[in-house]
Each structure stands twice: as structure tokens, then as C-alpha cells.
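S.K.: So you can see what is in the structure, the chains are spelled out below.
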Amino acid sequence: MFDIFLDDAPALVVVLPLLISAIIAFMPSKIWPWIISIITLLLHLFLSLHLLKEISVSGLIIYEFGNWEPPWGISFKIDGVNIGLQLLFSIFVLVSTFYSRKIFLNEIDYRDSGKAYSLWLLAVGSLNGIILTNDIFNLFVFLEISALASISLIALGAGQNRKALLAAFNYLIIGAIGATFYVIGVGFAYAMTGTLNMNDLVIQLAQYSDGQLAIFAGMSFMLIGLMVKAAIFPVHIWLPPAYSYAPSAVSTLLAALATKTILYFFVRLLYEVFIIYPSYLSLFLDFVLYPLSLLAIFIGTVIAIYQDDIKKLLAFSSIAQIGYITLAFSLKDHSGVASGFVHIFNHALIKGGLFMAVGYFAILYKDRVTLNSLKGFGYKYPITSFALLICGLSLIGLPLTNGFISKLYLFQALYTNQMYLSIALVAVSSALAVVYFWKIVEQMWFSEIKFKSEKEDAYIYLPIWIVTISIIVFGIYSTPIIEFSNLSADYLISGYQN
Amino acid sequence: MSNSFLIILGIIIPLFAALFSYVCRYNNNLRDSFGIIGGLITFVISLKIFHGIQNNEVYQITFFTLFDGVDFAFKVSALGSIFSLVASSLWILASIYTIGYMRGAGEKNQTRFVIFYSIAIHAALAIAWSGNLLVLFIFYEILTFSTFPLVGHKQNAESQSAGRLYLSILVGTSLIFFLPAIFWIWLKTGTLDFQDGGILMNKFPAEYLSFLIAMLVFGIGKAAIMPIHRWLPAAMVAPTPVSALLHAVAVVKAGVFSFLVVVVYIVGPDFLLQTKSSDWLVWLACFTIMASSIIAITKDDLKARLAYSTISQLSYIILGAALASSLALKGASFHIITHALGKITLFFCAGAIYVTAHIKKVSDLKGMGYKLPLIFFAYTLGALSIIGVPPFIGSWSKFYLIMGSIEREFIIVAIILGISSLLNIYYLLQPVVIGFTQNSKKEIKLIKAPLTVWPPLITGLGCFVFFFYANYFLNNISGVIVN
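Protein sequences, first through last, are from chains A and B. Going by the numbering used here, the residue at position 152 of the first sequence is 152; the numbering climbs one at a time, nothing skipped. Heads up, the numbering used here is the position in the second sequence plus 498, with the first residue counted as 1.
It is worth saying that the hints were derived from the structure and are not from the lab. This one's a predicted model, so the numbers in the text were calculated from it and none came from an experiment. Please note that the accuracy of each hint is not assured.
Below 27 Å or equal to it, Euclidean Cα-Cα: the simulated DSSO-like pairs (lysine-lysine) are [said to hold, decoys possible]: (1) Lys439(A) x Lys163(A); (2) Lys439(A) x Lys686(B); (3) Lys943(B) x Lys859(B); (4) Lys943(B) x Lys455(A); (5) Lys652(B) x Lys439(A); (6) Lys943(B) x Lys869(B); (7) Lys652(B) x Lys375(A); (8) Lys943(B) x Lys606(B); (9) Lys946(B) x Lys701(B); (10) Lys366(A) x Lys439(A); (11) Lys946(B) x Lys606(B); (12) Lys774(B) x Lys858(B); (13) Lys366(A) x Lys455(A); (14) Lys452(A) x Lys652(B); (15) Lys163(A) x Lys102(A); (16) Lys439(A) x Lys375(A); (17) Lys332(A) x Lys686(B); (18) Lys375(A) x Lys606(B); (19) Lys439(A) x Lys452(A); (20) Lys943(B) x Lys797(B); (21) Lys701(B) x Lys652(B); (22) Lys452(A) x Lys606(B); (23) Lys797(B) x Lys652(B); (24) Lys859(B) x Lys869(B).
Estimated spans, in silico, between C-beta atoms of each pair [as the list claims (entries may be wrong)]: (25) Pro480(A) x Thr609(B): 37 to 43 Å; (26) Glu705(B) x Thr479(A): 45 to 51 Å; (27) Ile4(A) x Ile510(B): 53 to 59 Å; (28) Lys606(B) x Thr479(A): 44 to 50 Å; (29) Lys606(B) x Ala22(A): 57 to 63 Å; (30) Asp333(A) x Trp778(B): 31 to 37 Å; (31) Phe561(B) x Asp286(A): 28 to 34 Å.
Output of the computed footprint for chain A on chain B, the stretches with three or more beta carbons under 8 Å from beta carbons of chain A [to be verified]: (32) 652-665; (33) 672-681; (34) 732-743.
For every residue, glycine included, the Cβ atom is placed at its ideal position computed from N, Cα and C.
Extracted from the complex, chain A is given alone in its bound form (with noise of 0.2 Å):
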């Protein structure tokens, strides 16, 4: 019986969560909607490691809608470079549901929690559906729909904060510009090939071979666009106040998966489309992307500095972060695709752990958490920031935990490539994210105020703790994030040799 749903599982991980979503939209109780998501969250799983089990066995799946045959109807793709986003996202989107119910209870009203489950399902499913997607168009719609979630369920948290809805308007508008730009590209796009799948977009592409203005165009609006979206600089305005007035487990979501997507579609669309125009895609990377990096590296880092407010702290030093995976990206060979896939997974971990952590902070303060709010927080609440200290550590990429493993292949990378400049400027900044993590820990262990350490709620920190163990495990046993990298970045490399 299970064999029928088995078949769709493609379909059935983004649809699922979009179904569900709207059954439990109205649900007036206050813990029957947590059960369900994490239940269709387990399914979702399950059906995640089945997608895994068929990807070894055959490789690549094409999932028709309707049977309608590509380029007509709407695929999805499942291969060697989103298997590993997918097992990842599946995890770490039911470890942070474990731990939204308690976060969820004391931020917003309970009467809300129907609503935000809603919305939360809402945004899993589209976020899923950008990894899977082999349709431009349909990207955009996943897109917008996960845009539309994510800024309502930033909305929610108004109950805290009112900037929360300022925050949220600017996404809206910022988002919105990306997503026009976006949609405007895959319109010259269809205009000229008259496809929007991405595989026959590579073949009618190919008859422009000695390329063509509107072609060009239609891929920057594309471009820019995603970069709108997926916060890279100098388009990332709209990150850091989204990330710090959303409610916290609605910042570990965003902060930890969803900006991760996009950059993978980014990098899918740059390697596995754009690529038959070698000369534009160099002149992108090179002198757009690469650039554009550098600078986020460093001035994220740096703002990151000065920041007071925790959260804000941890979103400008995520714009760094997304400069570090970007860097890796313009790199233009397998050693550089791999790394940017090794920190997309690596940082999901490092920073969903953070923000898990201060959000809970964050109730227990019942106020914003700034640096003076720490105070003594070390001895207060030793489990839950002994885990903020073992994340911040991966931060800052020392060995032994995750982090190390990002540097030393994104070292790599840049090594091979002979970006010695580069590689001074990731090693500096890597040490000015010191500055501002150590700034935390003095408050947090070596202020003036004592406290007695006081209970801690299990339910939040044990999921913390799974993902800082997890940060330790990987950083010791690397391997299978090694692999599904190089697996990605074989799938994608490989077009671009050809």
C-alpha cells in the first residue's frame, strides 16, 4: 500500500507540509497543531530517506506532474547535488519543531499557535519545493510562497517587539523587488526559448550559442534577483532586522535553511544552465560575485563588531557566513563548489544551534537579549550556554567541531587557486569573529554578576544540544558531509568541463 505514496515521494515531500498546513490553519488548540507538524515533519523524513535510498540505487529521478512529459509540465529533480540539502533540511526542520513548541508558547499567544503552525508547514514546504524544483517559473512561486510565510510568521513576532512588523514590511517590499527581478528574467528567458525547464533551457539555449542581449539581460534579472533573495551583499538589508524581531524559533528556521536554499538554486542555476556561456559566467563570478564576497566577509564581520543585540550580532556575522559560501561558489572548479556546499551544510548546523540557543535566552529574559543581558548567564544557565560556546567556537572554525572543516576546505579551495589575498582575508576575518563571540562569552562567564544556576527546560535544549553534537560529530567524522559535497559538486562540475 505504501508503495503507491512511495512512488510520489518527490511530490509528497513539498506537498505534504502545503496540505497539512492548511488543515491545521484554524485549529483552536494549543499543542494539537506541534503534534501533527511533527508528525508530518516524520513522514517527511521518512520519505526524505527513501528520496535518499532511490538516489543511490538510480542516480538521478525525474518526477513528472500529472505525467505531463517535461518541457510541458512541471518537474522535479532529485540528483547528486540536492540529495544531501534535502536529508539536511528534513533533519533540521524537525529538530527545530521539536523545539519551536516551547519558544512558540511564550512569544506568541497560544491562541495563535494554529496559525504559526500553519505558517510554519507553510514555509517547509516551499523551501522544499526550491530544492527540488527544475522549473524556473515554479522556483518563483516557491519563492514567493515561502516570502509570504516566512514574512508573516517575522510578523508574529510583534507581540514582542512592534519593529517586528517593520521588519516584515521591509522584507516584503525588498523580497518582492527580488522576486520581480527574478520573474522579469525568466520572462526573456521563456521569451527567447519559449521553455522554462531548466534541462531544455540548457538545449534551446544552446542554438543563441554566440549569445544575444536579451538572453544576457534576462540572466542578470535572474541573478540579481536571487541575490536579493538569498541575502548576499550588498542586497541583504533586509536579513539582520528579519532575523532579530522574528520570534526565535521562526530565526532559526530562516537563519539556518532558508536563505541556504536559495544559494543552492543559485549556484544550480550558475553551473547548471548559465554554464554554456562560459564568458558571461566568468565575467559574473569574477568580477561580480567574487568581489561582492570579499566584501561581505569582511563587513559583516566587522559590523557584526558592533553590534549590541545578540541576534542582530548573529545575522551580520550570517551575511559573512553567506560570503564565505558565496566566495566558495566564484570559484569556478570542483575544489571551490564542494567547500560552498561543505559550509551551506556546516553553517546550517553552526548557526541554527545559535539562534536556537539565544532564542531561548531571550525567554528567559523576557526582553531582547543584548550583551549586557547576559550577564552571569554562563553560571545561570550553564547547559544551554555551554552549547552557545561550543557553536561559537565552530564559528570561529576552530579543530574539532564543524567549522574547522569549512575553513580548511574553503583554505583549500582558494589554495588551489592561487586567491592568496583571499585566503589573508577569510583567515583575518575568521579572527575578528572572535572578537565579537568572546564578547558574549566575558558577559556570559566573566562579568561581575553571580548567579545560582537555575532548571532548564529539557524540551529546548535538548534539541540544541543534538545540533551542537552534531557540530562536534561532523567535526570529527567529516566524511559524510565530504561526501555529499563532492557529490554535488560532481554533478554540477561536470557540466561545466563538457
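Given the coordinates of chain A, work out where chain B should sit on it, guided by the hints.
M.R.: Leaving out everything else, chain B in the frame of chain A:
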């Protein structure tokens, strides 16, 4: 006991000492005793390993693979056996001293102090026995982070800013220079293991070697070569047991030890001698020796003076490593022992004077020599050893260093070493002279703290006694140099 088990035991015992100290935090005597017990056990283990190395035994253990060609592994080298012996033996005395000092000075947060003290020793031992450069780096960082609470112990504005400076310089340099240098070595050779004769020969481009050496010597900020020395005087705000064991022995010695290890087991002295890529470092080390000696003269605060003296003495070791000839390396390795023994004596005395008479400044020491004869006696022994007067152990290492510089035909360096000794005489013996010649009119109330007096006496006498047993250590050191 198997050899690999010994390593695990030696590394883990300080951690257990920390743990037990925490568990017994309500019983002061019990809590503080674990430092001594842990010190005794690790000392026995270090001694056994030291002898084992002399008999060509192999001590190694591999836990897991971190990435291609790099394991999380420990392997005791000849150099490491010396460093661990120094650190563990002095830990016993320092633990005794700590009890006297911390209680005498009425410091707060003693439990935290004892715990991080033990963790720092754990890191130092792990550095000594690390099997490759990455493991060394890991524990190098742990050592930095674990000493941060000790430096900022007083938790006032001064110690807080000192702690920040300490951390930012040490972690900053290690992340900006040391780690990229490690990556560079790994990318070129595919390994980071310590091997006799080095791993870089024929694999690393000789024209970039001086650049690599620069990244290493500035990246290993704990070696405190100028201009990366500011953290050491700043760290002197810590209670004296920290300055004594950590900032005269464990931390700074971990720094110069790391650099020596890199020269001996990674770069290889032969490669260095061939390419002469470290000759520029000889001059920088000489500059540091002279400059910090001159600064030391101007310092009236006894601990600050000793800190600058430490910077100058550390550069002796860097100098020996940079010369890279067999005699110089012998002198540099031996200087780890001799300077540790001498300098810990001086710091012990400085702390003892502070606890008993609340004096920090050299100029306030007038007439104190008659009141605190034992402390001044110990101080004099330590100072003479550091100056390099026979029959004190410090004369051996200086002798080898001078011989080494003559061997490499750096005559000026030999002269500088001589001048530096003269400066040493001035600024190290000045407190003694003031203490015994000038009389103070002030009445000073003395507090009895016998536990702070005996440790410096023991180490001071050690400086004298070990002069005659230098060969005992030199046997192991000769194993280091394969020229």
C-alpha cells in the same frame, strides 16, 4: 602498563584533578590537594616516559582520522618528553605555592582558579606529546582559552582589558598566521606528522620558506617575539601562581616549544641550514633580546620586570631555533628547562614578597633582604642561574647558544648574548642589592605564608644542583638533533 596507556593517563589526569576540584569545591583543603596529587602522578608518568625515550621506546597512540593524512594522535618526541617533565614537576611545586598564595592574598573564586589551572596543565602536556601539528594547534588554543579566566581572575576593569588583549593577540595571531601556515604545510606535503629531520625537504618551495617561517614565528604568539609580545606583560595582572607556572613555564614554553618542534620535526634543521631562510629571524630575536632587556631595566614593578626578562629569555630559544645548528638547537632545547627553573623561582619570590609584605615595586624593597632572608636567598639563586653564572644550570644553555652562534659564524650574536648577560645582572640583581644595602624607615607588617617560601627555595636549589646533572637532560636532547 602499556606505552599508549601511559600517554592517555598523563593527559587525562589533570582533567580529573580539575573535575575532582570541582566536586570537592566546598572543602578547601581537599579541593586544593588534587593539584598536588595530580602533579605527582603526572610527574611520575613524565619521568617514566622521559626514561623510556632515552631507551628508544616509542610512545604513541592514534584515536581517529581528522582528514586526509592527519590523525588525532599523540606521539612523544624527545623534545616533548623534556617539556612534559618540566611542566609536570613544576606543577607540584606550583600547586603547593598556589595554596599559600591564594589564601594569603585572600583571592576570590579559588575553585574556578584551581580548575582552570589544571586544565591549562592538561593542555600543556597534550601540546608536549602531540603527534602532529594540528593536534598541537588544538591544544595550543585550549591552552589560550583555559588561561583566559586566570588572567582575568580579579574581574576588575584592568584585568578585563588585560584578558581581552591577551586573548585577542594569542588567538588572533594563531588564526591569522599559524593556522594558514599549517594548511600550507598540509597542502604541500599531505601530512602534518612530526618526523625526525622534518617533512618539508624537497616538497616545499625553498624560496617561500622564509615566508613560512615568518608566519609560524608570528603565528605562535605565545613565543612572544617582538612585536607580538604585548600580551605577556599584560597577563601579569593575574595572581602570581599564574605568572609563575603559566607565564614563565607552561604557556610561554608551549610557544617556544611549538616553534622548536616546527623547526626540528617539520621544517628540518638541514633544510633551514641549506636555504638560510631563518637567518633574518636571528636578528629579530637579537633585537627582542636587547630591546626587552632595556625595557626591563626601566620597570619598577617587579613582576613587569620579570615579564620583560621572560620575553628576552624566550628569544634566546627562538634564536637557537633560528640558528638551526646542532649546538644552537641543543642550547635552545636545554634553555626550556633552565629558564623554566630559574624564572619560576623568581616569580615565586615576587609573589611571596607580595603576600608577606604587600610590596610590588623594586624601589620599595629597601631593607627587605634582612626581613625575608630565605626568599631573597632563593631569588638570588634563580637570578644567578638566569644570568648564566656557573655553577648554576642556566650557564649550560647559554654556553651552548654562544657556541652555536659561533658555529654558524654569527660572532655579533655571541657578543649580543654577552651584553644581554650584563644587562641581566643589572636588572635581576638590582632588587637584591636594594634589599640588602638600603635601609627603609617604614615599618612593614609581615604576614606569615610559609607555603610560599619553600617552593622557591626548592627550585632555587634545583638551579644549583642540576648544574652537575646537566648530562641527564642533555642525553635526551642529543636525541633531538639529527644533523
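S.K.: If a hint holds in the structure, say so; if it does not, say that too.
M.R.: The hints, checked one at a time:
no. : hint                              : result
1   : Lys439(A) x Lys163(A)             : holds (25 Å)
2   : Lys439(A) x Lys686(B)             : violated (36 Å)
3   : Lys943(B) x Lys859(B)             : holds (16 Å)
4   : Lys943(B) x Lys455(A)             : violated (48 Å)
5   : Lys652(B) x Lys439(A)             : holds (18 Å)
6   : Lys943(B) x Lys869(B)             : holds (10 Å)
7   : Lys652(B) x Lys375(A)             : holds (16 Å)
8   : Lys943(B) x Lys606(B)             : holds (23 Å)
9   : Lys946(B) x Lys701(B)             : violated (61 Å)
10  : Lys366(A) x Lys439(A)             : holds (21 Å)
11  : Lys946(B) x Lys606(B)             : holds (20 Å)
12  : Lys774(B) x Lys858(B)             : violated (44 Å)
13  : Lys366(A) x Lys455(A)             : holds (16 Å)
14  : Lys452(A) x Lys652(B)             : holds (20 Å)
15  : Lys163(A) x Lys102(A)             : holds (22 Å)
16  : Lys439(A) x Lys375(A)             : holds (11 Å)
17  : Lys332(A) x Lys686(B)             : holds (22 Å)
18  : Lys375(A) x Lys606(B)             : holds (19 Å)
19  : Lys439(A) x Lys452(A)             : holds (22 Å)
20  : Lys943(B) x Lys797(B)             : holds (25 Å)
21  : Lys701(B) x Lys652(B)             : violated (49 Å)
22  : Lys452(A) x Lys606(B)             : holds (16 Å)
23  : Lys797(B) x Lys652(B)             : holds (22 Å)
24  : Lys859(B) x Lys869(B)             : holds (16 Å)
25  : Pro480(A) x Thr609(B): 37 to 43 Å : holds (40 Å)
26  : Glu705(B) x Thr479(A): 45 to 51 Å : violated (36 Å)
27  : Ile4(A) x Ile510(B): 53 to 59 Å   : holds (56 Å)
28  : Lys606(B) x Thr479(A): 44 to 50 Å : holds (47 Å)
29  : Lys606(B) x Ala22(A): 57 to 63 Å  : holds (60 Å)
30  : Asp333(A) x Trp778(B): 31 to 37 Å : holds (36 Å)
31  : Phe561(B) x Asp286(A): 28 to 34 Å : violated (42 Å)
32  : 652-665                           : holds (count 5)
33  : 672-681                           : holds (count 6)
34  : 732-743                           : violated (count 0)
The structure does not agree with the numbered hints 2, 4, 9, 12, 21, 26, 31, 34 stated previously, though it agrees with the rest.
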